[in-house]
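Enquirer: Start from the sequences and build out the full structure, keeping to the hints where you can.
As you go down the protein sequences, you meet chains A and B in turn.
All letters in the first sequence, in the order written, are residues 1 to 269 by the working numbering.
All letters in the second sequence, in the order written, are residues 1 to 274 by the working numbering.
Simulated from the structure, these hints should not be mistaken for lab results.
Quick caveat: nothing in here was measured; it's all calculated off a predicted structure.
We put the CB at the ideal spot given by N, CA and C, even for glycine.
A few of these clues could be false.
Said to hold, decoys possible - As a list, the in silico DMTMM-like pairs of lysine to aspartate or glutamate whose alpha-carbon atoms are at most 25 Å apart:
no. : chain 1 : residue 1 : chain 2 : residue 2
1   : B       : LYS85     : A       : ASP88
2   : B       : LYS85     : A       : ASP60
3   : B       : LYS16     : B       : GLU134
4   : B       : LYS85     : A       : GLU227
5   : B       : LYS85     : B       : GLU179
6   : B       : LYS16     : B       : GLU136
7   : B       : LYS85     : A       : ASP90
8   : B       : LYS85     : B       : ASP46
9   : B       : LYS115    : B       : ASP128
10  : B       : LYS16     : B       : ASP128
What the hints assert, rightly or not - Here are the simulated distance ranges between beta carbons:
no. : chain 1 : residue 1 : chain 2 : residue 2 : range
11  : B       : LEU271    : A       : ASP210    : 26 to 34 Å
12  : A       : ASN92     : B       : GLY146    : 25 to 33 Å
13  : B       : GLY148    : A       : THR226    : 53 to 61 Å
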Amino acid sequence: MTQKPHLHTLEIRNLSVRAGGVDILAGIDADIRCGEVTALVGPNGAGKTTLLLAILGLVDYTGEIRFCRAEEHGRGAPRIGYVPQHLDFDRNAPMTVVDFFALSSQRYPVVLGASRSSRAAARESLARAGASHLAGRPLGRLSGGELQRVLLALALRDNPDILLLDEPVSGVDAAGEELFCDFLDQMHSASRFSLLLVSHDLSVVSRHADRVICLNRRIVCQGATTETLTPENLAAMYGSGAHLFSHGHADGHGHLHDDAPAPPGGKGA
Amino acid sequence: MDRLLPFAFAEPGFMKRAILAMLFIAPTAAAVGVPLVHFRMAFFSDAIGHSAFTGVALGVLLGIHPVVTMVAFGLFVAWAITLVKGRTDLSADTVIGVFFSTVIALGIAVISAQKGLTRNLQSFLYGDLLAVSEAEVVWLACLFLGVGVYLYLAFNRLMLLGVHEGFARSRGVPVRALEISFALVVALVVTAAIRAVGILLVTALLVIPAAAARNAARGTAQAFWGAVAVSLVSGLAGIAASYSLDTATGATVVLFASAFFAATAVARRVLRLA
Numbered sequence: 001m002t003q004k005p006h007l008h009t010l011e012i013r014n015l016s017v018r019a020g021g022v023d024i025l026a027g028i029d030a031d032i033r034c035g036e037v038t039a040l041v042g043p044n045g046a047g048k049t050t051l052l053l054a055i056l057g058l059v060d061y062t063g064e065i066r067f068c069r070a071e072e073h074g075r076g077a078p079r080i081g082y083v084p085q086h087l088d089f090d091r092n093a094p095m096t097v098v099d100f101f102a103l104s105s106q107r108y109p110v111v112l113g114a115s116r117s118s119r120a121a122a123r124e125s126l127a128r129a130g131a132s133h134l135a136g137r138p139l140g141r142l143s144g145g146e147l148q149r150v151l152l153a154l155a156l157r158d159n160p161d162i163l164l165l166d167e168p169v170s171g172v173d174a175a176g177e178e179l180f181c182d183f184l185d186q187m188h189s190a191s192r193f194s195l196l197l198v199s200h201d202l203s204v205v206s207r208h209a210d211r212v213i214c215l216n217r218r219i220v221c222q223g224a225t226t227e228t229l230t231p232e233n234l235a236a237m238y239g240s241g242a243h244l245f246s247h248g249h250a251d252g253h254g255h256l257h258d259d260a261p262a263p264p265g266g267k268g269a
Numbered sequence: 001m002d003r004l005l006p007f008a009f010a011e012p013g014f015m016k017r018a019i020l021a022m023l024f025i026a027p028t029a030a031a032v033g034v035p036l037v038h039f040r041m042a043f044f045s046d047a048i049g050h051s052a053f054t055g056v057a058l059g060v061l062l063g064i065h066p067v068v069t070m071v072a073f074g075l076f077v078a079w080a081i082t083l084v085k086g087r088t089d090l091s092a093d094t095v096i097g098v099f100f101s102t103v104i105a106l107g108i109a110v111i112s113a114q115k116g117l118t119r120n121l122q123s124f125l126y127g128d129l130l131a132v133s134e135a136e137v138v139w140l141a142c143l144f145l146g147v148g149v150y151l152y153l154a155f156n157r158l159m160l161l162g163v164h165e166g167f168a169r170s171r172g173v174p175v176r177a178l179e180i181s182f183a184l185v186v187a188l189v190v191t192a193a194i195r196a197v198g199i200l201l202v203t204a205l206l207v208i209p210a211a212a213a214r215n216a217a218r219g220t221a222q223a224f225w226g227a228v229a230v231s232l233v234s235g236l237a238g239i240a241a242s243y244s245l246d247t248a249t250g251a252t253v254v255l256f257a258s259a260f261f262a263a264t265a266v267a268r269r270v271l272r273l274a
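Expert: Here's what the structure looks like:
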């Protein structure tokens, strides 16, 4: 595995996405710094997934998305890894994890057998993800956490410059979440890709992200995690702060999250 | 040829042509059926099959060979459904359902205005494998090769697309081109298979072998070759059985495939419980 640092930055300038006459995103200016973990937070319908899709070039947008690559690290399109929020596929699909890896890495059909190189690459990536035991399992029989690991292993196989994760721990139990985050931290410190993470879970965000972008159709605020996740900013982003905090404390539940964040700043206690 | 198929029932020329036709169309339909089932497109192929009914009626009305209009109309409907599906928020079922009914209504309207057309339709509704011409066998052979090349190039990307569209796109899969091309390939295979099993049963030839193989397969390769094997065995057994039982060939072939499906479904359940 190459250890060279990825010196990439993603610059988003005045990005807007309209669909059906509605502004889904308007006037977004944001930077993703190289090698850092940036979290994208915001209420449902804030356009978080849309922003990821725009970066992937899967929705039409106006404005600019620039991928900057340091000269000494070569030219060409940056490699973007993507782990979608959930896969709505046929759970009975006759497809093992190795098949799934081979589908995206070899040209000739997998029905003629997985190539030696694609099998070796699959095994290596799965081993790194601590998921070697899943290689021969049908994709549809994996638990949510196992599937996330497989998708992450596949995304990391190609040594991405930027990794986009959409709600990586939704539908994963607490233990699975812990495992996933540890693995992600480990991989991230090993290869220093830039990571853009969409998450509802502010405890995950405050533990793992270097920077936070708060989004609600436009940028509410962005900056270093501890400075950004303030009650005032969260209130601005989620509409009424009174709801989030007073109710959150009263009944142990945030209105917006199952696990309401402790007020930022009190983290690590 | 005699050495290739040394069966008494294969003696008449029409039997040899029927068997050859089946050897080409059965694996082609089953192979296309694997990604088709993966995409949950069984209803789509049914709609294309039924559009053939209208295609034939239009051919007779316009004085063009009905097989030509059947294929052309099938391709048109496949293209139209795929296009509309990609541009509305309606679910695929709804779009296909609307096209399905419209096309059938058009066919019935044409037929009811043209007396004497019904007899012509019989062989399309139920299939008439024993009446295939040499030209048709050649067409099926070309289709067999063409679909083979298509799947060689597109199979992996089709399967990836079936898992998650955004994910497939992020890995460089050209989604629109793939959807349109697959719809057209399905239309070609469906209209060709109508000759063997008829409009009413054509979907079965694509879907049942793939479904049966899925019951037993562990990976993609097993599912694919299993489907091809089920379709070949059902096709040949169906021809032989229909010859001795004097039943409709297409229906007999489909019944054999259904038996494979039932057996694998039961086996799967038993093995999972065990």
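Enquirer: Looking back at the hints listed earlier, which ones does the structure fail to meet?
Expert: 4, 11
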